[in-house]
Amino acid sequence: MSSDTPKKLSSKKVENIIFCVCLFLFQVVMIILYSVWVRYDKDSNHDPLPNGESPVQEEVDNLYGYFRDVNIMIFFGFGFLMVFLRRYGYSSLGYTFLISAMVAQWSVLVWGFYDSMLEHKELREYYYFTMESLLNGLFCAGSVMISYGALLGKVTPLQMLFMGIVEPVLFFLNMYIMERLHAFDVGGGMTIHLFGAYYGLSVCWFLTNSKAKHSKENAASYSGDLFAMAGTLFLWMMWPSFNAAIAPRGHPQMRALANTFLSLTGSTIATFIVSRLFSHYGYKLDMVHVQNSTLAGGVVQGVMAHLNVNPGPAISMGFIIGSVSVLGYIFLTPFLARRFNIQDTCGIHNLHGMPGLVGSIAAVIAAAHAINNPDLYSAAEFKVLFPAGDDQAKRNAAMTFIALAVGIIGGIISGFCMKQIGKIGKLTKEEYFSDHAFWVVASDYPKEFEGVDPHQY
Amino acid sequence: MSSDTPKKLSSKKVENIIFCVCLFLFQVVMIILYSVWVRYDKDSNHDPLPNGESPVQEEVDNLYGYFRDVNIMIFFGFGFLMVFLRRYGYSSLGYTFLISAMVAQWSVLVWGFYDSMLEHKELREYYYFTMESLLNGLFCAGSVMISYGALLGKVTPLQMLFMGIVEPVLFFLNMYIMERLHAFDVGGGMTIHLFGAYYGLSVCWFLTNSKAKHSKENAASYSGDLFAMAGTLFLWMMWPSFNAAIAPRGHPQMRALANTFLSLTGSTIATFIVSRLFSHYGYKLDMVHVQNSTLAGGVVQGVMAHLNVNPGPAISMGFIIGSVSVLGYIFLTPFLARRFNIQDTCGIHNLHGMPGLVGSIAAVIAAAHAINNPDLYSAAEFKVLFPAGDDQAKRNAAMTFIALAVGIIGGIISGFCMKQIGKIGKLTKEEYFSDHAFWVVASDYPKEFEGVDPHQY
Amino acid sequence: MSSDTPKKLSSKKVENIIFCVCLFLFQVVMIILYSVWVRYDKDSNHDPLPNGESPVQEEVDNLYGYFRDVNIMIFFGFGFLMVFLRRYGYSSLGYTFLISAMVAQWSVLVWGFYDSMLEHKELREYYYFTMESLLNGLFCAGSVMISYGALLGKVTPLQMLFMGIVEPVLFFLNMYIMERLHAFDVGGGMTIHLFGAYYGLSVCWFLTNSKAKHSKENAASYSGDLFAMAGTLFLWMMWPSFNAAIAPRGHPQMRALANTFLSLTGSTIATFIVSRLFSHYGYKLDMVHVQNSTLAGGVVQGVMAHLNVNPGPAISMGFIIGSVSVLGYIFLTPFLARRFNIQDTCGIHNLHGMPGLVGSIAAVIAAAHAINNPDLYSAAEFKVLFPAGDDQAKRNAAMTFIALAVGIIGGIISGFCMKQIGKIGKLTKEEYFSDHAFWVVASDYPKEFEGVDPHQY
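Residue numbers (my numbering), protein chains in the order written: chain V, 316 to 772; chain E, 316 to 772; chain F, 316 to 772.
Same shape as in the complex, but just chain V (with noise of 0.2 Å):
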């Protein structure tokens, strides 16, 4: 390629280098305070064996099977969905896989240090970790890969270490606060998805330029498009499992997997109407729709999935946040990168943003109804699931805003960093979208774009 100037070699070569140290850093830090600070949990030593009643055996009997489910979500289904554009599926598997490994190792040391404040503990003592802090883990990852979604193609591997570094830190402050106020979200719903989409959009605030938004490349590929639903259709599947993981067991973990899975399907059916109604010509679908818009009954359910709502509101919250996410991906999408020079390449706002702010309302809102109907749960119900008690709506609905507040600030200052970071290894015009920045490619590569009408039929 003609633009491979010696310059920009020498470029590349410096953004490796310095990836390759940190990276190594990373993991040797990683390795020593493992080492010295972390322990599989208190009585893994002296127990008498277990005859399948020990606790440890009963949680991993408990959990393992959402941690399971998660941990496909996470690496397969964020991996393949974001596999749509024509020349980046390297790039998107590749990063995913790795950014979310580091940030599985690094939560359970960031959240071993919150949770040592919480429990007034020093952090002198070991820290005995569980499956419960692995799947915090990849729930973290799960938010890191949220915000990947706006940037996609616009970032270096560099820029990617910065930030799977960085947004675990301020997650994991979500989740200390949350903790503090007492306040619930069951799936994720603040910390995980309005959380992480709009520190991906503060991030991506920074890295849009002209030369991503007038690349070519940011175009699907029908084999692509084929790959991404493989990542849809994984997540959409596990995704009552991602609600109902540390769902309170009986009752409130039913609620989880059956409230999830209906709000999916009506999610489902919505994005297929709104798709249609609003669609090119007056009749055909949009693959970008059934990818991303299908999921937005998982994420409104976030918050709230295991509370007493009955079957009938669970499908109307889907069905609505299925058509909100689809007029996001027509209307609101384009409007930001052109008003607001936000190039959300995955549309992270139209299927986690909105939905996550959605269902976070949505939860405030049935905090509110519980405590003025006290007939909905019983005594014991009412405590477990609203730990803050009469004040619950109100803690919830501060929760919202610290979310969001600590997502938006956070991300503009990553963001701010990570364009500075950009510098090194810059992208040409041409790497933008692309895998052959970064990748040694096969010989089918995808050629250049040359601009084929996509509405030849």
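No lab work stands behind these hints: they were computed from the structure. Check before you lean on any hint, since a few could be wrong.
Note: identical chains are not told apart, hence a pair may lie in one copy or across any two.
Computed list of lysine-lysine pairs in DSS-like fashion (alpha-carbon distance at most 27 Å, straight line) [as the list claims (entries may be wrong)]: (1) Lys-762 x Lys-526; (2) Lys-741 x Lys-328; (3) Lys-744 x Lys-762; (4) Lys-599 x Lys-531.
Fit chains E and F to the supplied structure of chain V, relying on the hints for placement.
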């Protein structure tokens, strides 16, 4: 495209408006009926909170894992299995997704209605739905997806919508009759596979025309075949869960898992033998067989996987039906298309029709055998497995005919209606087996098939 | 194709007839032996029906989830991992599918035979098989799939058939010896990975020839790489289940899950560092490494994931072996091909050979450490984890050598036989790494590789 006359466009637009209005009305009716009639399980609200000991938690722990697996089969498995066509991937995945989501919602109500009749409950009372209700919805969606397999490439969205509403009513009619008859059908061999296949074939008879039969786009692509194998493999791997999901716990569930798995290995081996024996040039394997006939061993166990059939016979059943299924693809499918004008796109007759029928007959024999050999089962187990007692073989034989009859008669009526509906937004010759009829396609959407010789090698 | 001379055709037809006859005989023998010898678990028939309390139900509840995950790894994971080749997708998926299904059947009998010897049972008695028998079958299939990785693109179906019958006999010989020695190997680090890799490499030595080494079709395609990543990710996500499936319940199982997961994150991070450090142009990532070396962290935990190794060391092990694995791909694989004439298509030496060996050695060290530090385990736990007591380190060391020796000697004998078998239906130069040798291919099957420069970017 020169054939895009204004007239055609306007017909497609009319189809779209009717589609959107009907789907919207469907969703509104669902929300209203769910809101007034459906509630979570009875004790949902006033239980003392569970310590993992509540009945609802037991239901979640026992059933949710199977639900998740069946979910993967319906949405991912069936969806991707149909992606083999070179130009029909969006439609295969999209309609599967939409219709299955619809059916999952609709099923709860339809079964609720029949179930209330069974239990002599007044419809004014709430219907309390459980994890099993949702699972039934997935089973019903499986049945609709089977029928869809015969129609692949020949339908408009509006026709699919009609089928998604009508077929569940017949599916649950079968289940209702089965409950009344006390027939058994652990993995839906009769109610899902046999019914679904003959319903689909009957509808197919109405929708097969010369445009469909002479379409050059009814052809696989290389990457499409790989995607389809992902569907095949997930169906194959999850099939033990499908047949064991509602098996009585204990030995019956264990046998359902193991018999299904062993039977699947048998049909896989048979597929490779028979595919090569009757193959092109005398030695070449055919992907169509590998994608489909390998699964016949799961279908054939659909009625009786949980019975006390030993591992040897289970493998034999899979082996025989796998052979039959491949022979069906080679000889019967072309014959049905030529002589009876039934163009069975996915070959559901070979994968679901014949294996379902053979499995149903095998179950009758197994029941008769059990009745005459009292030492095969303990008294308690006999009572659970054969609810009709000494009458079981006759009841299951009757149910086989009923499932077949409901499928064929229902399919004829539905097919007649769907043919009329198909006049709205009628498919042109170039739109058969082609996404561009109803989807915005990517720029690398495969060009029109030019009769490249697939036998060049 | 001009090289399709009648002579070649007839040789392929002969291969086909022998293949079909052998596979048919295999299946008939299986059915006979299963029918006369294998039964479901002893109490299968005369139990009072369970209230979720029967031992068989407990087995299902505890094991089936892991069985399902390992099932996904064997059929989907290994199958798709090998789809990276541009023209060999059908074969990768097809042979994986067939051979794994065969091995799953065959394993129950082979292990039944050794197991009866271990238990001093007469073969005239029924062999009662359980969920664990089936799981062992999948483990054995994993071993065969590993070996297949080295041979990918260089074998005829008949050769694969031979290997699928012979390798399990050796695999279970290893397991038999291990049981006698009381060595431990929780995730098959020695018996699956180490044995499978060196068996495959030994066979590979016989099958590597200049036609294979100079084939231009031994190259990845862009979409093939994306498919392969689906295989990689499912292997990665399910690996904790693989290593924990038969771990003693309680803390050992929890540690097996967590150590494996953490180790995998370590090898993932290492892969990205080392791949870039030694990379093309000094800054480009290589998909081959991401597809394979990321998994090395799971292999290295194969022997000892369940021991009381803390999280820090688990990450370190993954990080070190991930680095070694990438270096193996860069330096060792070409060296083995050039100097030793072992063309290891998938690089199984880097993914299974070396990590298996390192993991085996680490287990010897861990056992020695445990023996010298009695406070690491409670007495009860020590007894379960180290069945050979104070002799454990020596026994595991011995087993490492035995696994290696059985693999290499067995591989040499098998390779010699397979080379002779390969003369039937011999692959021509153009048929190496190409589906059209034994499959009917779709019309868009990639054209012959014309030496397009993969480094154009």
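Quick rundown of the hints versus the structure:
no.	hint	in the structure
1	Lys-762 x Lys-526	within (19 Å within a copy, 31 Å between copies)
2	Lys-741 x Lys-328	within (11 Å within a copy, 47 Å between copies)
3	Lys-744 x Lys-762	within (15 Å within a copy, 29 Å between copies)
4	Lys-599 x Lys-531	both (23 Å within a copy, 23 Å between copies)
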